[in-house]
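Peer 1: Residues per chain, in single letters:
2 protein chains.
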Amino acid sequence: MATLIASENFSPTEDAEVLRRSVKGWGTDEKAVISILAHRNAAQRYEIRLAYEELYREDLIKRLESELSGDFEKAVYRWILDPTDRYAVLAHVAIKKPETDYNVIVEISSTLSPEELLAVRRAYQLRYKHSLEEDLAAHTTGDIRKLLVALVTTYRYDGGEINAKMAKSEADILHDAIKDKAFNHEEVIRILSTRSKTQLMATFNRYRDDHGISISKNLLDDGADDFQKALHVVIRCLNDPKKYFEKVLRQAIKRAGTDEDALTRVIVTRAERDLKDIKELYYKKNSVHLEHAVAKETSGDYKAFLVTLLGQED
Amino acid sequence: MATLIASENFSPTEDAEVLRRSVKGWGTDEKAVISILAHRNAAQRYEIRLAYEELYREDLIKRLESELSGDFEKAVYRWILDPTDRYAVLAHVAIKKPETDYNVIVEISSTLSPEELLAVRRAYQLRYKHSLEEDLAAHTTGDIRKLLVALVTTYRYDGGEINAKMAKSEADILHDAIKDKAFNHEEVIRILSTRSKTQLMATFNRYRDDHGISISKNLLDDGADDFQKALHVVIRCLNDPKKYFEKVLRQAIKRAGTDEDALTRVIVTRAERDLKDIKELYYKKNSVHLEHAVAKETSGDYKAFLVTLLGQED
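Protein chains in written order, with the working numbering: chain F, 1 to 314; chain V, 315 to 628.
If we strip away everything but chain F, and leave its shape as in the complex, we get:
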């Protein structure tokens, strides 16, 4: 379930007019920006952009970027984009960091459906005139590169068939590879990047049943390197995205110096999807409401924007 409370009496022209007033002249009325944008779904936001362009002959996104600043600006920018386009931007930002943020790449490639991932690859090309895998491969090396490129380029079969024999044999391949620490990377990458999600669930279950420990626990045994950590994220994203996102939020909040990028990313990407479920998981795990934790760690317009997206009524 989503947390977004979208407006029901919606007029793109009126919204565009309010936004125009709130950015025009000296100063910006951030409250007005939040009260509109944090209550509009993706289709509505798109209509507002069109209406604004039509009325004022300027790009609303560019105007907001020049009027807002800091984490609030980043959050509004990510939020206002179409979800597919937003993932393309998030992937690009992750790739272009001095050290590619491979968690974000794993997250995008492993939590989206095969068709959604293809759409993101298309959006990435339109925006950056390169393919996603091209930029990714040029900015990474070694085993991590092999894993990430395989994950973003795959177009998994989306059907529900399970091959039980294959689940057993591939659970064994994964177990041997993890046990020996002499990772047979090629085979691990092949299995995790090409099998359907349904088949992988069967393989992970078989792993746990045959070997008495879950594969994700097994991967973090001791002294995990970057590649193992990345595999661990892959498996968590495939296995249970909501649980994975709850943990990303928890770590972003608990860190000394909040990780605003992660906080923003999870909230804007999930608010229209399943943030309500993630909030419930968060409460179960932390005995604190997510919106209270977020409010405690953030401030100003940024805080107001996030808690509104989290479903808090104004």
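Hints in this document: simulated from the structure, not taken from any laboratory. A couple of the hints might just be wrong.
As the list claims (entries may be wrong) - Not the full set, but computed from the structure, chain F residues with beta-carbon under 8 Å of chain V:
1) L118
2) R121
3) S131
4) Y157
5) G159
6) T194
7) R255
Claimed, not checked - Computed beta-carbon distance windows for the label pairs:
8) F:I173 - V:T512: 48 to 58 Å
9) F:S214 - V:I476: 46 to 56 Å
10) V:S321 - F:I173: 47 to 57 Å
11) V:A538 - F:I173: 24 to 34 Å
12) V:K479 - F:K62: 22 to 32 Å
13) V:H406 - F:N9: 48 to 58 Å
14) V:D554 - F:G257: 34 to 44 Å
15) V:L440 - F:M1: 26 to 36 Å
Where a beta carbon is used, it is the ideal one built from N, C-alpha and C, also for glycine.
Start from chain F and add chain V according to the hints.
Peer 2: Below, chain V without anything else, positioned relative to chain F:
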């Protein structure tokens, strides 16, 4: 230019009726099958299949498979399919051979446009309930696997921009890798599988200008192994598909014992695209008309079918 001479006065119902008469009862009227199917384009063949199904409640393709045999059956089957579906079948056949026929995989992944390749991956899943890369990775190993999987999963940028500096630096990377024979496979695969075709043309040109030899010649210097041979095919398919297909035909015909699979594959996949240009290239290189060479090496209905697709009037 295509060689196919498609019918202009076309009635799917009449065609379905003629085909029905030609397969009904004892024996088959192969001439009638050829005179219809070898003169219908993809859209027309699809309409005939629909009309046939509607009229006779059976699948025309299955019926033809049971009535025809040998190379003729294979050629008709491949031809009647929608081109996207046909590539999925060709890829599947190549993968399932005792030794995966990597040339066919390279050919499909490197001669199709990025969007066409995506469509083939979609068609493959619909047909086989697995992804193309999943089956391919499960049937290959080592460096060849890395190369082939990277080629089929890529979604290249399709724009015309050229980065001249990158063309120079990547031409050098390719040259060093080839010169040292200590192939830096990872980098070679990265460049060939992720860069846009336009960028790769610039890189290959730069290679030739800076190093005094074309990359494809350089790759076959001496003692090329399977991986080098596959790279060679990749580069030829990217560089000049028509020239590549001419050579496939030449080798299929010249071999002791014609290579019917290759002959059929090139003729059915190119007849509606550019087989006329390929025929002209063939004549230039061999001083023999392709349809005469094909007629000499084949016989019966198979021969009649191929030469009709090659544009010979009945």
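Peer 1: In ascending order, which of the hints set out earlier in this document are inconsistent with the structure?
Peer 2: 7, 8, 14
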